[in-house]
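Sequence order for the protein chains is A and B. With the first sequence counted from 1, adding 40 to any position gets you the working numbering. With the second sequence counted from 1, adding 9 to any position gets you the working numbering.
Simulated from the structure, these hints should not be mistaken for lab results. Honestly, I wouldn't trust all of these hints.
[As the list claims (entries may be wrong)] Result set (DSS-like, lysine-lysine): computed pairs, CA atoms no more than 25 Å apart in a straight line:
1. K82(A) to K126(A)
2. K654(B) to K204(A)
3. K204(A) to K69(B)
4. K72(B) to K125(B)
5. K92(A) to K82(A)
6. K204(A) to K252(A)
7. K92(A) to K126(A)
8. K252(A) to K398(B)
9. K125(B) to K69(B)
10. K110(A) to K126(A)
11. K204(A) to K398(B)
12. K391(B) to K204(A)
13. K115(A) to K92(A)
14. K125(B) to K67(B)
15. K749(B) to K654(B)
[Unchecked claim] Label-pair ranges, simulated between beta-carbon atoms:
16. A123(B) to G337(A): 46 to 56 Å
17. G401(A) to H591(B): 33 to 43 Å
18. P748(B) to R395(A): 26 to 36 Å
Note that the structure is a prediction, hence the values are computed from the model and not measured. Ideal Cβ positions, reconstructed from N, Cα and C, are used throughout, including at glycine.
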Amino acid sequence: MSGPNTNYDPVEVSALDPEQVEANVADALSAITAATSLEELKAARIAHAGEKSPLALANREIGALPPSAKAEAGKRVGQARGQVNKALATRQAELEAERDERILVEEAMDLTVRPDRRPFGHRHPLTLTAERMADVMVGMGWEIAEGPGVEAEWFNFDALNFDKDHPARQMQDTFFVDPADAGIVLRTHTSPGQARSLLERGAPLYVAVPGKTFRTDELDATHTPVFHQMEGLAIDEGLTMAHLKGTLDRLASELFGEGLKTRLRPAYFPFTEPSAEMDFQCFVCRGDDAECRTCGGTGWIEWGGCGMVNHNVLRACGIDPQRYQGFAFGMGVERSLMFRNHLADMREIIEGDVRFNAQFGMEI
Amino acid sequence: MRVPLDWLREYAEVPAGTTGTQVAADLVRVGLEEEGLHGGDVQGPLVVGRVLEVTPEKQKNGKTINWCQVDVGEANGTGEPQGIVCGAHNFGVGDLVPVILPGGVLPGNFEISARKTYGHVSAGMICSSLELGLGDDHDGIIVLTDWLGAGAEGLEPGQDAIPLLGLDRETVEVNVTPDRGYCFSLRGIAREYSHSTGAAYRDPALVRVVDGQEQPLTAPAATADGFGVELRDEAPLDGVQGCDRFVTRIVRGLDPQAPTPAWMATRLTEAGMRPISLAVDISNYVMLALGQPTHAYDLHKLAGPIVVRRARAGERLTTLDDVERALDPEDLLITDGGETVLGLAGVMGGASSEVSDTTTDVLIEAAHFDPRTVARTSRRHKLTSEASKRFERGVDHELAPQAAQLIVELMVEHGGGTADPAVTDAGQVSPPEPITFEVSMPTRYVGVDYPRERVVEVLETIGCTVTAGAEVTPAEATGADGTGSAGASDGILTVTPPSWRPDLTTPPDLVEEVARIDGYDQIPSVLPTAPGGRGLTHAQRVRRTVAAALAGQGLDEVLTYPFVGESRFDDLGLGADDHRRHAVRLANPLSDEAPLMRTELLQTLPDAVRRNLGRGAKDVALFEIDTVTLPDLARKAPVPGVGVKPDDAVLEEILAAVPHQPWHVAMVATGQAERAGWWGAGRATDVTDVVGWAHAVCDALGVSVERRQSEREPFHPGRCVELTLSDGTTIGWAGELHPKVVKALGVPDRTVAAELDLEVLIAASDRRAQGAPLSNHPPAGSDIALTVSRSVSFGDLLESVRAGAGELLESVRLFDVYRGDQIGDDQQSLAFHLTFRADDRTLTTEEVNAARDAAVARAARDHGAVQR
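The following block holds chain B by itself, in its conformation from the complex (with noise of 0.2 Å):
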């Protein structure tokens, strides 16, 4: 909402000399947030100039400037004629011009002062419209004659040009919160700053202000001649009328070609909206002012009576904006005569019943219409208007009369038409619902002590009706004794809301009130005792451990959007029955390319790669933790409404259609594990580093892992490995991607990845880890080396191995493959080290070689390994 601060003064007394800064904090204070100022940027002396002499001189750079003497009468201090340099050709002498002279300031904080420029002491500047903000004329300066036309007559040089061409005037942008619909007019602005600073308020929908002189806006009585209007709501929403009430004032003999007065088009100008013709300008006028939007008919397009009805299937309607609209029969609808449709009420009028150049006879509507009903159609018609967004928000009940008459007066006033008598106020509007309220509960609820008088003044000073005691006085208030019934009668307000203020509806609302006139400022800060909490969850520290382990591991977090669309699916080379292709799918996504959920966080961690290495990045390992969405069947989830617990088969079945999102962590690599440099070789990032990673994770979580060599997209084929739980629950998986996704996903060869959900790593290390006491005896060492076919993994002839040993065995590490020559093509020789130590005793020979054997057995039987 845009506050041009000449027409606040005409509401409220604001005190002279009130820039629009401090009418903006003053705003701020009681809840209008700021969202811009404009115009007040200049700062004087400019004055009124006349050109005395021009002398154009040739510089050498081809340009011609003008080296001009002009008369500023008194305002240089001296009388003389001002030396100014001028570059614009579009005046003569005798011209009058605006001259800013040194010591002003123009928009942009360009301060002007005496300079040598071109060989002359130019002591200020003659403006243009770009420089003084008024315009994007850059080329020719302003001259007064033209520009203000017949404003300029009488203009004496010298004379201050700030107000003459409004350059005093400022706007203050606020923005309205969705409750404060009566915060859309000038009224409502000028009710609020006076709250704040306690500035006399003149309500204009009760006082005119003409020629200086104050005059009530006194709207006559409805007449039994009035047009004839029906309200004839058969479906209302919830049980509320979609229209209670509607005026209709007539007026004959408009000039439809006269204009509209020079200061109510600034006005409307200031406040953003464009002047169009005096019936349209005086209705957003009004509308500005007062906040009540209002319609105006060509009377002679109308057959009447109105019909005020919701839509019927099948109508249909062209709105102002030339846009054809099915209707839908929660549509609430203007008509005339029941048939013909006029327009969506609240929201836009048709085109056929619009006012034009030829209109002498004017209908005025006036109406108040439910505030869900103007949204709901505002919401299915993506059509919001001035009109339709202060409907939704709540506009006065009472208003309609007055700002249909203040709309007669004025188009009278300047179109030349004489005011109908007959007047029609239909419909009943419910009154303010009163409010019971705690005169202690400001106190209560803000932690500043409000004495009693304090609550009532601020409740009657925004409007309301305030009586002591409860409506109904409970007969349990009268104390058998005879005492406490004065406490208890005097501790209740039955508080009525002001009719402009329908979001005043329960005692908090008026709390807030009381505070934020009283001042949110006067809140004081005190530490509230929680009863002490228990930390992190197990679930928040796995996170972070998990995190700070890879972070350890040298690889970089980040965060990606979790948007995809199914052609990532292709690159990762997901089967055309993979789950994973299983999405939840946006019904407005940002990018049509990407309208679904990722199921895995590898769908979108490549992107950040790819980033990277179009960044210069040469070696690039990042990881991220984030949930991804599994969608569950297709179910949709209840939405019950505001204010009431849903019983609890509800809430299960709102709670069950939550699609499950489960945390992961997702690795992916590429580049140097480690760089060459002057203290040797570097190497290759390849998969053994990601398979690492993998197991770091789980080993900061103190979970053992199992793994099987697998199949599985998008990872190479030979290059993958599942990570289970002993029990054989599934952890993820890490390897190098496929070759053909490498390719897919623009990413360098031998790009490896891994993906863990964490909420299987996170129930699994959900335990307290139980410490042993550490062997004081000495290790023994033995290595073996192991013949077995090709087709025996690695892991499987070391768990062979393993348990062959036996309990003396420490550890076990395979630390060379062999397969070449010296052994057959379809055999490997796998060399372990054995690690042996007893918790009691020195370990001798004979054991370590008895143990050392048996697992070489055991991986003869097992694998048919022979040992070399």
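The following block holds chain A by itself, in its conformation from the complex (with noise of 0.2 Å):
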């Protein structure tokens, strides 16, 4: 430390020495070497670098050198404090740069295990199903229409051509709304979707009506109450059956895979003439395997029933049959993803089990 310079006989103070600066910049640079912590290096810093340090203070005897000595004085101390400081800054990066390594080492969480915090929801495949199937008729440049549940008996049966009468009328193990005469059903199918269009729209017409339908049948492992169809209907001049066929054809193959054929058989419904029951090819076996065990090994899976539309149906809903003629298909939604994605029994899609929604993605 100095004394106040009351003689003016400059001293030659000893901290300016060039061997003490020297010395003070080789303890600065050893201390911050040696500091292996950002808390170190800061304590470093004030003991060699800050306020109070050697260095420091003999910057601040260079005031008090007479002029001649001041610019050797101040030179050598500011590249003493210049090199201790470079010093500093490139510890400190490199420290700062281990801890930030450190820190990421120390944070790292194992991930291996889903974390199942919030539960992710589901579709329900059947509607996924029924969707589907509507979009592949859009894309055919087909519309949606939908009709009720609980219908008209009329719309039912006899705008379809069933005779109030005829054994097949019967044989829809129909829900009759109480009071049993009230003319109201629960639709047995999704066909009274095709009057309701034709009536509502005219010819030429291609929608497909997906829904839900009903029939007293007790629940177990093929049959529910309530179930689903898509009925499709095409009206317009010159369609015939192989037309019937093609959009068969394109729908079982955009379902169940590609180039997938279908097959019609004869069959009897009172709203198509001729009819025919359709069966899609075994998408497993294609045919090839006897003891196949999804379509029992004779290579075709039935799906549904179809025909061409009936003159009566067309005269109740006002269409001239001499003028237009259309078909007509409708089959099962839960048959359809049943076969699709490998289920083996329909109650598992009625019973609501989240289990059964979770084997499946939004998507199927």
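With the hints in hand, could you dock these two chains into one complex?
If you want it as structure tokens, here you go:
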């Protein structure tokens, strides 16, 4: 430390002595290098570059020097402090990088087990299937129509050429709304949508009608009193059974596998003539495996009914059968889902068990 | 309909070696779907064996087996006795038994091979009736002398036992569609088989095969002294006589004890009918063979004449099934002398005139009844018989005399009776109506090019009479220039269907015949070009969006049955006059517990929650999107008939009577909204979640929502909010279920629920949302805490703050609520965070403070709120 300069006899202060400065620098550098943490470096900074560090004190002495000595001492001390500060900065950067790296390691979390913090919801595969079927029809330029589940008996039967006394009407296992002569039933098929669409929109018409249907069946592995169908109806000039087959082939191929075909077998429905049952080719064996468990070795899987729309249906809807003709088809959505996604028991579809949904994504 | 192959072979030339599977496939091609195959699943060698030695050997397990030496002749290739182990004991040395040798296959695809068992190599098996699929006796093997009786005489070891036991007999079961009544007979099935395969067909209504010889089946003409029959239908349905043909024949001197011949009993059994007595069996046999139901009366119990008439009010009849029935004036009756009711025409006879085991003289009835009359009677009395099944689908009206003749012949042959020459054939049948048919129609309809010759050929094959030209040639068919006339008449056919095809009445019916006989597999696949649609409707897209939004919120979509009972309304706490109790009722519900159609989805959705909990789930959040049924005034829907468009007024009436069925969405949740885990604590689902999900639905549709604290069943009275559109229209309710409801439904405490009317949301969202430019200037925030009476709702206070803050306010959020010691008991302190932003400038502190103060001032004015 220096005393006041009382006698104006410049005293050569030892702090500015070149050796001393050099020693201070060396001390500082070694302390900086020795610092292994940001805390130690902070202490070294205070000790060697702080306001009371030897070099700072030496700097303060410069003012007391005679002008002739000031320049040299100033240069010496300045260079020394610069050297120390640079070393500090370098070490600071090194230690910060080390710290950052260490924190990342320390903060690591094991994410190899799914954190099931928030439940994930699901759509129901049946509605997704119905939507997918509808989308295929929309892709072909058709529109999607709807009708009520609680339906007028006339729409469910008479409009579709089910005569009141026809055995086919009795075979439908119909739920009747009370009183039984109210003329209201739970629709036994989506086919009333045909009549409703024709009456509302007229011809030409290309519509599909997905929806809920009802029959008085007890629930078991292959029956449910409440189920879903999709109806298709095309009325135009010059439509033939070949167009029916083309439409079914496309739908089957979109739902069950590229290139899968359908097969028509003669059948009877009051609202179509000619009528057919339709099968789609087994997507597992394509008819090549007599032991196939999916199709029972026949190569075909029953899908639904179809045919050319009966003239009486057209007439009931005010369409001229001399000018327009067309086809209709209907298939079970449950059945389509079961075969598409390998389900064995229909009950799982209606029980609402969340484990059932969870097997599928939002897109099936 | 069961089709014994052996019987089919009598009417159609089925190639030798054709299997039941092949026949079923042939029948499917023409529209007779396979329902099952019976028999024919044993593969030989199954031979007659004579037991030479039986050595009982006691086994360690306490069982005694027999080590047998059996003579199977040359069937084993060596002529040496066959060593076979057998566990049964009901036979002895010298007995003839069926033996299946290695290489044979038993039903169930059970292959037989020589195998080591009980210390011997057993080379085959002595079979029980169960093993051969002939019965259910497993304990004893078949001893052929007992099994076959006299038929076992002259059997030789080594002889093929398959035909001996009838194991080569196969029966194909097919489904007959309602239009093909004639296929409820071997006659019809054989004809269809012939159509499918081209096999030669022999019509059993015209020809009999007796002892391998064909002989014509010729019915005598009616005689003047035939048994009296009067057809007196005074109330025909739709002008159609209930009975248009009634044939009677008489056979006298029958032996009432005469047995049914074995071949007939076998055929009946294979066709699924039980042999009863000769008279009944012959009637059933002829019905199965030809499709004509008949009835046999004890002649001595009849006074005559037979009168066919409609029932009178108050008449009753005890039918053969021992049920006394009150008759309806629409029922058609067979009566004795017009007074004594003998039976329901075409459905079932009565007990009084039945043939018995003392009947020697019988009157045979073979009649043709109106399908509609029979169908209605059958339905009215819930009485379906083999006869009604056929008559309501239509019986060949030419068949009655032939069927009666066949019955007479069989009765004479097997019952020892004599045919009485007296024959009745009353009534007048209408011949089939000819159909004018454009020869191009099949091609135009099916998309396959059918040449004229092919069309005619097919129609003739199925029995139609085809003539060229329309029945009445239109004068204009002849062109003025003399050309084109040939084309016009060439293009038209007059087609008269055969008597056995009453289902063929329109040109499309004939198109189907051409297409199916030519083969549906000939139809090409052509994708039609639709004119181009408009995509999904707004309503359809809304439902998908709502479902996706809720699934995204963590809920699972389910589908529940729409049936409920009144007790569920009680569970939900609905008041006695709650309109939601007013539900559509089913006349024939599956369960009397649930005869109503739900009026809200929340009436059935809890069932799915409970099922999941019952299966071990803890955290359950479900939603359902479906329609509910809201009954209007009890109106009846008219049911005008087929084939005619109802006039607008009637159509309007039909449409108006259909109940309103709006789409709803409902949610129910219980358990954890967030699970605890190594990441930290969990959080139970509470009412804020369900209110949030209800908002998520509206947000997804861009519909802005207002809220009103509400009291409504089934919710907790203090934890329920009504959501509305800004015009006040109700969207729905969300809240926590009432503690009593929770208990009644059996779901966990604090279960939350919501139900929204999707129709309201569909309508409200059916508009194009308008975008506005976003401000590039920074937001400025400011918090305020307001103390206010607890009687002020959060929502009301927030709206005042919003209104007071003015146009610079971007958003306001309630972030804290304090109720406690530091303020009065009836006070609450609500903290809001306000965010301000201007479109055109950065806001100054002064501006923000002014807006904030205005918000506070407005809250003070509206609700007496004081800033803390």
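Against the structure, the hints:
Taking the CA atoms of K82(A) and K126(A), the gap is near 14 Å; set against the 25 Å cutoff, the hint holds. For the hint linking K654(B) to K204(A), the alpha-carbon distance of about 16 Å falls within 25 Å, and the restraint holds. Straight-line distance between C-alpha atoms of K204(A) and K69(B) comes to about 71 Å, which puts the hinted pair past the 25 Å bound. At roughly 17 Å between alpha-carbon atoms, K72(B) and K125(B) fall within 25 Å of each other, so this suggested pair holds.
Between K92(A) and K82(A), the direct Cα distance comes to roughly 14 Å. Compliance with the 25 Å bound is thereby established for this hinted pair. As the CA atoms of K204(A) and K252(A) are separated by approximately 23 Å, the hinted pair is consistent with the 25 Å bound. Restraint check for K92(A) and K126(A): the C-alpha separation of about 19 Å stays at or below 25 Å, so the hint holds. A C-alpha spacing of about 31 Å is found between K252(A) and K398(B), which places the hinted pair above 25 Å, so the restraint is violated.
Our distance criterion of 25 Å between C-alpha atoms is met by K125(B) and K69(B), whose separation comes to about 16 Å. Between K110(A) and K126(A), the direct Cα distance comes to roughly 24 Å. Compliance with the 25 Å bound is thereby established for this hinted pair. For the suggested pair K204(A) and K398(B), the alpha carbons sit about 16 Å apart, so the restraint of at most 25 Å is met. The hinted pair formed by K391(B) and K204(A) meets the criterion: a straight-line CA distance of about 16 Å does not exceed 25 Å.
As the CA atoms of K115(A) and K92(A) are separated by approximately 20 Å, the hinted pair is consistent with the 25 Å bound. Taken as a hint, the K125(B) and K67(B) pair is honoured in the structure, with Cα atoms around 17 Å apart against an allowance of 25 Å. A C-alpha spacing of about 53 Å is found between K749(B) and K654(B), which places the hinted pair above 25 Å, so the restraint is violated. Range check, A123(B) to G337(A): about 30 Å between beta-carbon atoms, so the 46 to 56 Å window is missed.
In this structure the hint that G401(A) and H591(B) lie 33 to 43 Å apart at CB holds, the actual value being about 41 Å. One distance hint, 26 to 36 Å for the beta-carbon pair P748(B) and R395(A), holds here, with the actual separation near 29 Å.
Figure legend: structure checked against the earlier numbered hints; hints not met, in rising order: 3, 8, 15 and 16.
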